[in-house]
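Colleague: All chains should be built: construct the whole structure from the sequences, respecting the hints.
Here is how the chains run, residue by residue.
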Amino acid sequence: MIPPANPEIGQQPHPMVPALEVKNLVKHYPGVKALDGVDLVVRQNEVLGLAGENGAGKSTLLKALVGLVRPDSGEIWVRGEKVRLRSVVEAANHGIGMVFQEQSLVPNLTAAENIVLGSEGAGVRGGVYRWETMRKLAQEQLDKIGSDINPLARTDTLSFADRQMVEIAKVLRIEQRSQHPPVIILDEPTSVLESKEIETLFTQVRRLREFASVVFVSHRLDEVLDVCDRVSVLRGGQSVGEVATAGAAPADLHRMMIGSTGSDDHYHDQAYERSAEPLRPMLSIRGLSGKTFRDVDLEVAAGEIVGIVGVHGSGREDVCRALFGAEPTLAGEVTLDGKRLDLSSTRAAVAAGIGYVPAERKIEGMVGPMSVADNMTLTKQQSRCAGPIVMPKRQSSLVDRWIERLSIRTPHRGTQIQRLSGGNQQKVVLARWLVAGDIRLLLLDHPTRGLDIGARSEVYRLMRELADSGVATVLLADSLEEAIGMSDRIVVMSDGKATKHVPCPSGDKPTPLDLVKEMV
Amino acid sequence: MSTPVIAQPAAEPVVVKGGPTPAQRLTSFMPVIALVALLAALTIADPDFLTQKSLTAAIRTSAPLVVLAAGATLVVLCGGIDLSIAALASLSTVFFAMWLPDLGGLTTLAVIAAAAGIGAIQGIAHVVLRIPSFIVTLGGMSIFSAVALVISDAGPIRVVDRDATNWLTLYVAGYIPMAFFVAVVVVAVIALVLKLTPLQSYITATGYSESAARLAGTPVDRVKVGAFTVSGACAGLAAVMLVSRNFSGSPTMADNLLLPAVAAIVVGGTAITGGHGSIWRSLVGALVITLLRVGLPIVGVPSAYEQILYGAIIVAAVALTLDRSKVLTIK
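Protein chains in written order, with our numbering: chain X, 1 to 520; chain V, 1001 to 1331.
Hints were generated in silico from the structure; no laboratory data involved.
Label-pair ranges, simulated between beta-carbon atoms:
no.	chain 1	residue 1	chain 2	residue 2	range
1	V	P1302	X	A348	56 to 62 Å
2	V	I1033	X	W131	55 to 61 Å
3	X	R255	V	T1197	50 to 56 Å
4	V	I1033	X	D342	49 to 55 Å
5	X	P388	V	I1124	19 to 25 Å
6	X	G387	V	S1303	46 to 52 Å
7	V	F1134	X	E81	50 to 56 Å
8	V	I1124	X	N108	29 to 35 Å
These numbers were taken from a predicted model, which means no experiment stands behind them. Glycine included, every Cβ here is placed at the ideal spot set by N, Cα and C.
Modeller: Encoded structure:
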């Protein structure tokens, strides 16, 4: 086969030869076609966005590109040369490297050690670390991306944003292995960053473009449009098109991703009436202080959704956990529906009618190997018991009712929850708090994290319904847009303090920029 | 051809129930298969083995092991481990021998209660001080052994009054040793309580993912303390069974049961990482271990090799059953 490049040009590939090309890639898993003939072109010195809903095949494609997944058929070409990638090392030898979604640095090593880890080269002589050489090697890497991080700093003392820089510096070590400019894959790099850090990352991505190609994956379409030159859209394991980002709107991308025009009212803002009368106060926090927050005052009325926004380290997650009794408090008084709240344990919080949906769904939100039914009734055991005895029939009819009501897509109530898609898992976790009908306050910590747009929309609708029925909600949103779209009122937290209350009524919403000003 | 009066429903989508795959089903029956295979092998090696007399003898000796393994299984299901069971049982035999002259018929209950209390203290130490159960019970093991040695003057104490334990040497329906019958009843009662109450959910959730269980508002700490308490009580009951057989209490009487008990749990297929498993499995596991124990001399293996076998079985059983995809790092 003749590659599209002109072979006479020799070692120096023609600038028009794609840095990376994927042709008709297919990968089957039992029962699922993860990749169903994907084509992808990454040009030299460009930032290519990759968009698609959960299950569109993004992760499988990325894994195939770094040798973690072997495709059933199809071809991968690197700079006009057909390659087989059977391991991360082989991919690195061809100049392809990936910054993984879950950060992969060793926290108690220095930045320098992490950067050269696994590719020490001259940093190790006779089996012994040469600290000075290693520091120099690491510094070279950091210089490439113009970072001023101290290579001798322990990684766990660095901010998330700095750690990401270290990861990028580390990935760029593949330049040592390959003759070509590298292709760097960034998988959801912004999911752990707050808005200011994201800007720094974007500056970095643009800098990378000078000497490398970048594949950028994110759930946040505005980010994709902001930082990428082109976007390739996947749907159902197939490539459905490409968009030049200049002049494109998130809605355009969204339409391609889901294959039809989505509802304009993404947050169901108009669909539910909110009464103009003053609402009955439900949650009242006075001077709440803990390890990472102090003197927080907050009021949430019945039927109100209050968003808390803040940068990483603002302490908002800890406030949420403290309210649920999962984080110690030092001072302050909290009342729920007029009664003083016992913050000493999660048991007490549950008894008071508080529900909590943790951000780490897979680790903290659900018990993966347990069934949908048992996960759903785990907390409100009274909903399936007569006295201390479990009534299997009562449980199954209750669970089936909620599966239908929330349209949870599961083969059976007895299916292990870990076999469900993220959106359906999250609905089960939410249902856990609803089955007994005694919920008064819901604490939602990034309830839509990692969900695709369709699933998000359903979670939003559920939140609206619950608010309508009088549940008070505290929302830590995944993005500022989400916080603005869903909240009736927004509280800005900064450095552990609630610094600003911003009204956020339907029809008169603040812009993200208004909020960012308050956050930093 | 006539058209059907009632419209045919559209083809039902294939409903994949979330149950176990055939391979998982097979592995879950493995302990039973192993038990039957072992029985067959021993019968081939010595045709006299498959007689009522030797089988009765075998299950009678298995009773303390069944009870010990059953109690410790609860702790393992919660994601912990109880290494103190054997030492606690030894200590309890000493308690029994020392208290019998004063307490008479109440001694059995007193010993079980004391062992349960000691188990509870270990559980509380584990939960409140947040020390790994492995360390708490390793410390407990050493302490109980030493206490037993001190209070017994480092020697066996004869039990003269045999009335208090005589009932355990009787037979149910003529053939089933009372001790074994009691052991099965204990297993059945614990299993039934778990099945009928939310405890099963609580234990499973705690074992698979303690943080998720806690954030779901389940009583994680109380469940764990409860598991250690039952484990202690079972050690106490096992001690009474041992005394009924040996007519004495001794500070090292049950010490050689720790490895067989752990082996019984893992051979039964209960995941050492917590969450997955059951107490019935440990009953089967204990029978497998007992058959090996009585079978080795039959096939001519010196009993000195026994410990090698237990060690190998534990490692092999965990190697076969551990789901490495769920354990990110093996520590």
